[in-house]
Each structure stands twice: as structure tokens, then as C-alpha cells.
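Participant: If you read the sequences in order, they're chains A and B.
Reading the first sequence from the start, the letters are residues 13 to 677 in this note's numbering.
Reading the second sequence from the start, the letters are residues 13 to 677 in this note's numbering.
Worth flagging that the hints you see were computed from the coordinates, not collected in a lab.
Fair warning: this is a prediction, and the values are worked out from it, not measured in the lab.
Treat the hints with care, as some may be off.
Just so you know, same-sequence chains aren't split out, so a pair can sit in one copy or run between any two.
As the list claims (entries may be wrong) - As a list, the in silico EDC-like pairs of lysine to aspartate or glutamate whose alpha-carbon atoms are at most 20 Å apart: (1) K666 x D579; (2) K460 x D645; (3) K343 x D332.
2 protein chains.
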Amino acid sequence: MSLNASAQVQMANAIRALTMDAVQAANIGHPGMPMGMADVATVLWGEYLNFDPADPHWPDRDRFVLSAGHGSMLIYSLLHLTGYAEPTMDDIRNFRQLGSPCAGHPENTHIDGVECTTGPLGQGLAMGVGMAMAERHLNAHYGTDLVNHHTWVMAGDGCLMEGINHEAIGLAGHLKLGNLIVLWDDNNVTIDGAVGLSSSEDIPARYRASGWHVCLCDGHDPVSIRAAFDEAMADPRPSLVACRTIIGKGSPNKQGTSGVHGAPLGADEVAAARVELNWPHDPFVVPAEILADWRALAARGAGTNAAWKARLSASAKQADFAAQLGSIADKAAPALESYIRGLAANPPKVASRKASEMALGPLTETLTQLIGGSADLTGSNNTKTPATTPFTADSYGGRYVYYGIREFGMAAAMNGMFLHGGVVPYGGTFLIFSDYCRNAIRLSALQKAGVVYVLTHDSIGLGEDGPTHQPVEQVMSLRLIPNLNVYRPADAIETAECWALALQTPQTPSVLALSRQNLVPVRGAEDAQWTSATNRCAKGAYRLKSATAARKVVLMATGSEVSVAMDTAAALEAQGIGADVVSMPCQELFAAQSAAYKSDILPADALKVSIEAGVTQGWERYTGLDGLTIGLDTFGASAPAEVLFEHFGFSAAKIVPQILAKIGN
Amino acid sequence: MSLNASAQVQMANAIRALTMDAVQAANIGHPGMPMGMADVATVLWGEYLNFDPADPHWPDRDRFVLSAGHGSMLIYSLLHLTGYAEPTMDDIRNFRQLGSPCAGHPENTHIDGVECTTGPLGQGLAMGVGMAMAERHLNAHYGTDLVNHHTWVMAGDGCLMEGINHEAIGLAGHLKLGNLIVLWDDNNVTIDGAVGLSSSEDIPARYRASGWHVCLCDGHDPVSIRAAFDEAMADPRPSLVACRTIIGKGSPNKQGTSGVHGAPLGADEVAAARVELNWPHDPFVVPAEILADWRALAARGAGTNAAWKARLSASAKQADFAAQLGSIADKAAPALESYIRGLAANPPKVASRKASEMALGPLTETLTQLIGGSADLTGSNNTKTPATTPFTADSYGGRYVYYGIREFGMAAAMNGMFLHGGVVPYGGTFLIFSDYCRNAIRLSALQKAGVVYVLTHDSIGLGEDGPTHQPVEQVMSLRLIPNLNVYRPADAIETAECWALALQTPQTPSVLALSRQNLVPVRGAEDAQWTSATNRCAKGAYRLKSATAARKVVLMATGSEVSVAMDTAAALEAQGIGADVVSMPCQELFAAQSAAYKSDILPADALKVSIEAGVTQGWERYTGLDGLTIGLDTFGASAPAEVLFEHFGFSAAKIVPQILAKIGN
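The whole structure should be built from the sequences, with the hints applied where relevant.
Facilitator: In C-alpha cells:
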């Protein structure tokens with residue numbers, strides 16, 4: 013049902029007024045995009061979008077993603093006007109102030125109705141791709157009765173110019189995600205000026221080249237907008253709707269210029285806009301009749317939701333569907349129990365990337381929520397299992413995504429899938445290429461999206477590919493990201509334990525840093541009765557070997573260097589020097605332990621030595637200034653792994669003398 | 013002059029043979045691309061490319077970039093066969109072994125003729141864009157007689173699928189870089205299998221949409237290759253030449269499959285390929301007559317080079333040209349001298365981003381090599397000066413690049429420009445978006461490319477834009493990259509000093525982390541006679557204020573927190589507790605100082621306290637375990653800067669009690 017034409021104008025102007033008033037009150041913000049896209053947003057939310065303010069988590073709701081997150085007042089206005097519990101008008105008055113859910117950029121953890129956190133350009137659209145993938149996957153398993161919704165993305169020129177856009181739309185086009193519709197705010201203005209200052213691209217042609225349907229509309233004409241939306245919904249391909257708009261529309265002297273993109277209009281221009289828009293109302297006041305028009309929209313979504321709930325209740329798949337959407341946190345460790353017990357009997361000497369594949373066998377067999385994939389390194393990342401058949405345009409029910417050579421697009425899609433719900437994605441690339449998707453990993457952490465990054469080839473131990481491919485600073489630098497658990501397991505059992513832990517923290521994403529080269533097992537028989545309760549990696553660091561002679565040294569290491577620490581300890585013990593070995597697969601989990609546990613593991617009265625084939629800065633947190641940090645503070649080199657380990661000093665023969673010098677032996 | 017047809021076949025087979033033999037000997041590597049592109053490479057180097065093995069640094073040589081760097085045996089074969097001093101055949105025998113210049117991926121610092129380090133996909137092509145930009149810029153100033161060469165890039169499907177490709181070709185198309193020609197190894201195979209597994213893109217259409225000329229050729233037919241090259245050279249737009257090839261061509265049982273992409277052929281298949289190629293020669297043996305055909309090619313380049321040298325000698329611009337290509341390392345500090353002395357008389361309270369703009373005034377006025385730019389944040393990064401007029405397709409002589417919303421493409425282009433020579437690029441974005449271009453920053457460091465990253469909005473001090481835009485871990489994580497100097501200056505004078513230092517290290521790239529908010533000056537009158545020799549930032553850390561009372565505390569801080577440290581010291585001194593304040597704008601430079609200097613600045617007998625509005629891990633290197641690290645180990649929030657500083661504890665009032673507790677007062 014179409015909105016009444018004059019009501020539509022007033023409803024859109026309510027968005028414009030709230031936007032300019034909130035930005036003015038904060039004295040900082042981005043009025044241009046919300047004012048420019050207000051008409052498009054009003055038609056979308058007024059006539060097309062399926063949403064229910066009373067039930068923001070309704071699984072079959074349409075997803076709305078404001079990829080141009082700087083235009084946050086658009087979504088805050090929409091949520092308030094349509095009757096979500098938050099933001100209140102006071103929240104909007106406090107736009108960009110401490111404690112207000114109306115943060116500078118929309119954050120999914122602050123407010124219902126914000127499906128994902130946006131602002132870092134391009135990622136919202138790429139997360140939308142992931143949401144659309146999750147939707148199709150669940151549709152394939154649960155049918156159109158239970159899962160059939162659209163993902164609507166609003167994006168600006170910035171979102172389209174960023175490299176990730178190419179990756180995201182390439183993936184979406186290839187996967188024929190017809191339920192994905194991107195509304196491009198085609199206003200021809202960027203921060204630096206006209207788009208033509210830096211780009212001459214024929215954007216529709218590029219989208220078509222990537223398998224998209226493209227249509228155009230006048231973004232200020234509801235009739236034109238509707239026609240474009242109808243065409244987009246009818247087309248089986250993902251759609252780009254180019255909405256020709258005037259940035260900052262309503263600001264008589266500033267609209268259409270870059271000046272309105274990211275700065276308050278100023279009191280005089282706000283007043284002039286009130287005249288221009290015929291909006292005589294006080295700041296933060298929306299007249300009752302206009303608010304009523306907005307609030308009336310909720311009925312449509314409520315009805316659709318009620319009908320959906322009725323279908324769910326009647327469905328034979330109701331319990332399965334609930335389970336699919338439920339947490340898998342408690343299920344990971346049990347799924348691994350018999351596998352780990354088997355390892356204990358016969359610990360294999362395998363690369364941890366291989367051990368990861370082995371652990372993924374029972375995990376993916378048991379946990380149907382897991383959707384794997386790799387950025388074109390399937391055989392190297394060891395991410396595919398028999399249970400994860402390919403997810404393709406012809407088979408959305410599959411659980412393995414060939415993401416292509418698109419690390420950033422993959423990571424953002426994983427975030428989108430996770431935030432959609434019903435699936436838990438993991439994805440692989442080389443650890444070095446975490447650099448390519450680093451900001452999406454950060455957004456996993458900021459959004460509390462418990463995805464798992466399988467990052468293999470985790471040190472100079474990858475050997476001959478050389479310094480371009482050898483992570484040196486990556487492990488430590490990932491540890492610096494808040495709310496991200498970085499695991500670097502030492503052998504097959506630790507790898508399985510870390511997988512269990514990674515899936516036990518649905519609000520914290522995880523990185524598994526895994527070796528290319530085979531690793532000597534350091535765990536075994538003691539795990540014959542392994543259970544979740546005996547997971548030794550759970551405390552982040554643990555004493556793998558106790559000193560035999562009087563303890564003078566504690567060696568701490570991660571991943572492939574744990575066996576180097578074991579060799580070093582043996583050499584020290586042979587000289588009568590007692591040495592503990594501490595395996596420290598996850599610094600973040602160790603940091604959360606009690607002071608007593610920490611001082612037991614890293615006692616004050618021993619020389620503390622860290623061994624990790626990466627940069628040393630950061631390890632002083634555990635060794636202190638009187639300890640030793642064995643690491644690699646330069647780029648690596650191209651040679652076989654064992655040559656490099658010796659060359660860069662990762663052997664007992666090279667380490668022991670440094671320890672002896674330090675303890676004065 | 014066209015190569016003789018049968019000679020061409022043999023010459024190309026020499027590449028194939030060296031490739032399969034070297035990969036086989038190393039037992040690891042990527043034979044598929046060199047064997048597939050051998051014919052294209054032979055025509056290019058044999059008939060088109062201007063190169064002179066006797067003078068690899070000839071400024072007007074064509075640039076050849078192997079963006080698909082995993083195919084490194086292609087460039088090693090070409091350099092050896094055409095007579096470069098390196099690699100020798102022994103170097104090739106030692107492919108991928110420690111000490112060989114023939115590293116797994118080509119590294120510019122190892123071997124002449126490798127114009128840039130490639131392997132991280134997509135970046136070679138993007139660096140090629142930068143090289144083509146530098147060429148056009150120098151052409152604009154020095155004319156076609158002195159500067160007129162092509163940049164030839166070989167790229168695979170991976171380079172084209174990566175997001176950075178979109179940014180790079182968008183920039184190149186917009187700038188109409190007609191001297192840039194990309195040879196796409198269109199072999200339809202990626203690591204995971206057929207390209208169609210993950211992509212359905214119409215690549216030529218996408219390139220055309222970005223303003224490129226596209227032509228096709230049969231990559232195994234010299235006649236077809238020549239026709240395409242001729243067409244590409246004639247077209248005024250940048251060109252994509254789609255070279256239809258068979259990956260691993262010559263391997264009878266493996267060619268055309270993903271199996272030949274990244275693994276040795278195996279002894280049996282190498283033998284079979286020898287038969288297939290009619291190449292009965294022993295491994296690493298190139299018959300004299302075939303080698304002679306290759307070596308003869310050098311004459312063309314030598315002649316062109318000689319003619320160029322003659323033109324240079326006769327040119328009125330000879331001295332200017334030499335100066336343009338010379339180092340600016342000694343010129344930066346003198347250019348700033350009178351400016352800094354002026355600041356000393358009247359230290360301004362400005363944001364360090366503004367101070368950077370002020371320093372760039374005299375720098376860009378004096379140093380014509382500097383080419384600035386920003387990824388669509390010119391007014392926020394403060395990167396533009398009066399001397400840097402826009403670099404556009406109509407005005408390549410300009411020195412300011414509107415890079416668009418393309419951080420990764422910008423950083424890679426900066427690397428390419430620097431490695432081309434004759435220009436020294438700096439470019440700006442928000443510090444948070446260093447995440448988007450992180451691997452290009454790493455490649456600056458690995459390649460010893462002394463570019464300067466102007467990264468503003470460097471902490472929660474940016475305020476209301478909130479956690480998506482607030483760097484928390486970025487400063488420390490950039491410090492972890494080897495051979496990268498990270499500067500975080502405290503006020504206008506320090507900012508100028510850091511700019512001088514950044515330009516004094518042409519083999520080390522620099523990051524300037526700069527504030528959005530105004531900073532209280534901490535330096536002044538003592539710099540009235542400032543010279544390079546008095547640059548206090550040069551040692552990385554220095555005592556800004558000495559304790560008045562008996563010293564119990566040393567406060568170290570960077571950037572905007574230096575004034576917080578000054579406030580804290582004043583509060584401590586008021587209680588009779590002596591406190592030094594150490595400003596530490598560059599940890600890397602401090603690390604290079606003598607032990608005596610370091611222990612003087614950070615004495616063992618004082619409580620050491622770090623204050624930085626970022627993650628604390630890494631600061632223990634300076635505070636020890638008995639010190640205090642004041643920082644921010646969570647994400648930020650959206651609010652005005654001063655509110656956030658207080659909220660997160662960056663004030664003397666919040667810090668002093670922690671110090672008192674620690675020292676038992």
C-alpha cells in the first residue's frame with residue numbers, strides 16, 4: 013500500500029528535521045546523507061521493509077543495513093519514528109554523547125534494529141552480502157514458509173569506491189543473491205568534493221559486469237522509487253538501485269555540496285531549512301499526526317510477524333529451527349571428546365592446520381550451524397570437511413563457501429552471516445593476509461560476533477614463500493585488538509582444545525594461528541579421558557612440563573615454538589638447571605585468570621623466557637625487563653623452514669647460551 | 013623487430029625449462045604461471061620492453077612488474093637470460109634457498125630488475141599505477157625527451173579479484189594513464205580450481221566501466237600477442253590485455269589444471285614436459301644459441317639508453333633532472349628551520365594534523381619531489397598545501413592526488429611512485445583506516461620505500477565519531493612492523509621535527525599519528541635557534557621536564573598525552589614527589605640509542621609510568637612489570653573528546669592516585 017503523497021513528504025521531513033537538529037545539538041555529525049535519502053528511506057520503511065518494532069529479533073524480518081554509517085541519524089530517526097523502544101527522543105537529543113545509544117556511527121551492540129555496526133566504509137554492504145547468504149542457506153533448509161526475507165542496504169559513493177565493494181559484489185553476483193538490494197545514494201558528492209574529482213567510473217556497468225541487476229530512480233520521487241524497488245524485487249539477481257539524490261536536501265543554501273556531508277548546518281541554515289521544508293516545529297518535536305503516520309507502519313510488520321509465527325508453530329521443523337538459531341557454545345567440546353581421546357592414545361605429528369581439519373571433522377558433522385570456507389586456499393587452510401558440501405547458487409544448503417581471492421569480503425560476509433543468526437561461520441586464509449581483512453576482524457570484535465578465523469602459515473615456519481608471506485608481527489598485532497581471542501596451539505590436541513574454546517565464546521571472535529609445518533606432539537596420554545573440564549588451554553597458559561632440577565627458568569612459548577621450548581628445557585635440565593615449560597596458546601584467556609594462578613605459572617623467582625617466532629614487543633608483559641624474549645624483530649627470509657628456524661635462532665642450541673648468560677652460569 | 017618464430021618458441025621454452033627445473037630442485041614453488049605466460053613474456057621482453065641489463069637503474073627504462081609474484085621464476089628467468097648481473101645460474105639453482113637472490117617471491121631489495129616486491133596479490137598492479145603516475149608527473153616537468161616510458165604489469169586472476177584491484181584501476185582510469193598496460197594471465201584457474209568456482213565476473217566489461225581500454229590475445233600466439241600490444245600502446249587509455257593462456261603450458265598431463273599452479277611438477281612430469289617441449293637439455297642448461305638469442309635483446313635497450321643519455325647530456329634540464337632524482341634526506345630539516353624558529357617564539361595551540369599542514373607548507377614549497385594526497389579526507393588530514401596543486405589527467409605536473417576513497421590503492425600507489433624514483437609521496441587517511449592499507453604499509457617497510465603516511469584522528473581524542481573510528485590498537489600495532497618508524501608528536505614543534513626525521517630516512521617509511529584535537533604546546537623558547545642538530549625527537553624519546561623534587565617517578569607519554577603527563581607531573585611535584593616527563597614520539601628511534609642514553613632517560617630507580625590513549629601491551633618494554641601502564645584496552649566510545657579523556661582516565665586527577673598507590677605514598 014502506497015503512502016499518501018503529502019504524508020510521505022511530512023514523514024520524510026521528520027527524518028530531515030531530527031537529523032539537522034541532532035547534528036546541530038551535538039555540533040558534529042553528518043546531516044547530508046539522511047536528508048538526501050529521507051524520501052527513499054520513507055518509501056522503503058513505509059511500504060516495503062518487513063520489520064516489527066515490538067519484536068526486533070524476529071528471525072524472518074528484513075535486514076536493513078546502513079552501510080553509509082556516518083548517516084546514523086537516518087537509522088536513529090527511523091527507529092524512533094516507527095516505535096522501537098529505543099532510541100527515545102532524549103536519546104536523540106543526546107546524539108553522540110556518552111551513554112546515548114545514538115552513537116556517532118550505529119552500533120549493533122547498543123540498539124535493536126541496528127543489524128550491524130557500520131562506519132568503516134564498504135563493510136556494511138559486504139556484511140549485507142553475508143546476511144543474504146545466511147538467509148538463502150536457512151531458506152534451503154527450512155523453506156520459504158519460515159525463511160524468506162530481503163536484505164536492504166543503503167550505501168554511498170564511499171562504500172562503492174572502497175576495494176571491498178568489488179569483492180562483495182563479485183561474491184553476491186556469483187552467488188545470485190536475488191534477495192539483496194543495495195540502494196545507492198547517488199548524490200555525486202564525496203568529502204573532498206564532486207565524485208568526479210577522483211572517479212570516472214560507470215558504476216552501473218561495473219555492477220552489471222559482476223552479475224547484478226541495476227535500475228535507477230529519482231530518489232526524491234516516491235513513484236520513481238517504488239517502480240525501482242518493484243523492479244529490483246522482481247529480478248532474480250542482486251540489485252543495485254541508483255537513487256539520484258541531492259545531498260542535504262532541504263538545506264536551501266548548502267544542499268548538493270560537500271559542505272553538508274559531515275558538518276552541522278549551523279543555526280541560521282537550520283532555520284532556513286525549516287522554512288524550506290515547511291517544518292515550523294521546534295527542535296526535536298514531531299507533530300502527533302506525523303508521528304502517528306509513522307507509528308501506523310508497525311502494523312504491517314506485526315501482522316507479517318504474527319502470520320510467520322503461526323506458520324512456525326504449525327511447522328514440523330519448529331524444534332529444528334529453534335535449535336538452528338540457538339547457541340552452539342555448549343556443544344563444541346562434547347563433539348570433540350571422543351576425537352581428542354583418540355588423539356591421546358596416538359598423538360600424531362601433523363601441522364596444526366591439518367589438526368584443525370581433523371578437529372573440524374567431528375565439529376562440522378555435529379554442529380550444522382558451522383559454515384566453512386576459504387579465500388581460495390582451501391587445500392592450504394585445510395578448512396573443508398566431508399560434511400561441508402559447497403554452498404553455491406544452485407545449492408544454498410551447502411556449508412562450504414568458495415569465497416575466491418577476497419579476504420576482506422570473506423571476513424565481512426562472515427560477520428554478516430553471524431549477525432544474521434542461525435549460522436556460525438569460520439573462514440580461512442594465510443595469517444599474513446589478516447592484514448587484508450584486519451578491519452573486518454576488528455569489526456567482529458566490536459560487534460561481538462563470534463566468528464572463527466582459520467589463519468594458517470603462521471610464521472617463518474612456512475618456509476620458502478619468504479618474507480612477503482611470513483607473518484612476523486601479525487600474531488602480536490592481532491592480540492592487541494580488544495575482544496578478540498588469538499589462539500596459537502602447539503599440537504593436535506591443543507588445536508582441538510582451541511577449536512572448542514573458540515566456539516564457546518559466541519560474543520568473542522577467535523583467530524586460530526596454525527602452522528604449515530608438522531609439529532611434534534607435546535600432549536598425549538594424560539588426555540585419555542579428556543573432557544571439556546580438562547581442557548588445559550582454557551586458562552590460556554598452563555604448565556606443560558615442570559622443572560626436574562631446582563627451578564631457575566620458566567620457558568613460555570606458543571605454537572610451533574613449544575617443542576623448541578621443550579628441547580631447550582631438556583638441555584637445561586641436562587646441566588642441572590630446572591626449567592618449567594609453559595604453553596601459552598591464548599594470552600587473552602590467561603589475562604582473565606586469578607593473580608594466584610598467574611603467579612604460579614609465571615613465578616617471580618625464575619628467569620622468564622618467551623619463545624615465539626614473531627616480534628618480541630609485548631612479551632615483556634610476561635618476561636619482565638629482566639627476562640629474555642626470543643623472537644624475530646626483522647622480516648623473515650626465503651628458505652626451508654628448518655633452515656630458517658636455525659638461522660633465526662629458534663633452537664635449543666641457540667637459546668640455551670643466552671639463558672646461561674642471563675642466569676650467570 | 014619481430015623475433016624469428018622458431019627462436020621465439022625456443023626462447024620461451026627456456027623460461028619454461030628453468031622454471032620447472034628450479035621449482036623441482038626447490039621441491040616447492042609455482043610453475044604454472046611462468047610456463048603459461050612464457051610466450052607473452054618472450055614477445056614483451058624480446059620486442060617491446062625497453063630495458064638495459066647493463067644499467068638497471070636507467071631512469072627512462074620501462075617498468076616491468078610481476079604482480080603475480082608467486083610466478084617469480086618468470087622474472088628470474090628473464091633477468092638471467094637477458095644478461096643481468098644477477099641472478100646467475102647458481103642463484104637459480106638455489107631458488108628459494110637462504111641467501112639466493114631468487115627468493116620465493118621477487119624482492120626489489122635483493123635483485124636489480126625487480127622493480128617492486130610482489131606476492132601479496134593485487135599490490136603489484138596497484139604499484140604499477142603509482143609508477144605510471146610518477147612517469148607522467150616527471151614527463152610533465154621534464155618532457156618526452158627525458159621521460160617517456162611504459163609500465164607493464166603481469167597479473168593473474170588473483171590480482172584482479174582482490175579488492176585493491178578495483179581501487180587501482182579506478183584511479184588509473186580516472187587519471188587516464190595510457191602508458192600503463194596490464195597483461196592479464198587469463199588462464200581460468202585459481203588455487204581452489206576453475207575461476208568459475210568463485211567468480212562469474214565479466215572482467216573486460218568491468219575494466220571498460222573504469223575507463224580502460226581492453227583487448228584480447230591468444231597468449232601462445234606471437235602474432236596475436238603483438239597485435240594486442242600494438243593496440244594497447246596506441247590507445248590513450250590504460251590497457252588491459254587479456255592473454256588467453258594455458259596454465260603450466262608444456263606440462264603434458266598437468267597443464268590447464270589448478271594442480272600446476274603451486275606445486276612442483278614431479279620428476280616424471282618434468283621429464284614428460286622435456287619431451288613435450290622438445291627440450292632435451294639437462295636441468296639448468298640453456299644451449300648457447302638460445303642464450304645468444306636472449307642476450308642479443310640487450311642491444312635494443314642499450315641503444316635506446318645511449319640515445320636517452322645523449323639527450324639528457326644535451327638538455328638544459330640535466331641538472332634539475334638529477335636533482336629531482338636525488339635524495340631529499342639532507343634538505344628537509346633546513347627547509348623547516350626558520351618555520352620552527354618562528355614556532356618557538358609563539359608556540360601555537362593547534363591539532364598536530366594542523367601542525368603537519370603548517371610544516372608541509374615550507375617542505376612542499378622547497379622540496380619539489382614531495383607529492384601529497386589523501387583518500388578523500390583532504391580537509392581532515394590537512395595534507396594539501398598551496399604548493400601542491402592538483403595532479404589530474406589534464407595536469408600531471410600537479411603534486412596533489414585526490415586518491416578517492418581508496419586507502420589501500422593509495423598506499424600501494426605511493427609505494428610504486430617512490431620505487432619509480434623522482435618523487436617522494438605522502439598520503440593521508442584516518443589512522444583507523446591504516447587497517448585498510450596495512451599490508452601496503454608493510455610492503456613500504458619490506459621494500460625500503462621511504463614514503464610518509466599522514467594518519468590523523470589518532471585516538472579517542474577524535475571524539476564523537478566513536479569506536480568504529482577511534483584507533484585503540486593501531487599505534488602499537490604499527491610499531492610492530494619491522495623497518496617502519498611510527499611518530500606520534502606532542503605539539504607543533506615536535507610535529508615539524510618528526511616530519512624532518514621522516515624525510516631523513518629514505519629507506520624507512522614513516523607513519524605520523526596526528527591528533528584531531530588541539531594540543532597544548534610543550535615546547536617553545538628553547539627552540540629559538542632550532543637546527544637539525546637540536547631536533548630533540550631525533551633520539552626517539554627525550555626528557556621534556558626534569559624532576560624538581562627528588563625524582564621518584566618518570567612519566568613517559570606520546571602525542572596528546574604528553575600534556576596529560578605534564579599535568580600529572582605538576583600534581584606530583586605539588587606533593588613533593590619529583591617526576592620527570594619523557595616525551596617519546598618514536599619508539600623505533602629510541603630503541604637505536606645507546607644503553608647509557610636509554611638508562612639515563614628511563615632510570616632503574618624510578619617508577620616508570622606510560623601514558624598513551626591506546627592498548628597497554630608493549631609498554632611493559634619501558635615500564636617493566638613494576639611500573640604502571642596507563643592506557644585503553646577496550647574499544648572507545650562516542651562522546652566529545654574531553655569527556656572521553658576524563659571517562660577513560662586520561663587526566664592527572666585519575667592518574668595521580670594510581671601512582672601514589674604504587675609508590676606507597
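Participant: Taking the hints in turn, state whether each one holds.
Facilitator: Hint by hint, here is what the structure shows:
1. K666 x D579: Within one copy, since 11 Å is at most 20 Å while 47 Å is not.
2. K460 x D645: between (32 Å within a copy, 16 Å between copies)
3. K343 x D332: Result: close within a single copy only, 15 Å intra versus 71 Å inter.
Checked against the numbered hints above, the structure breaks none of them.
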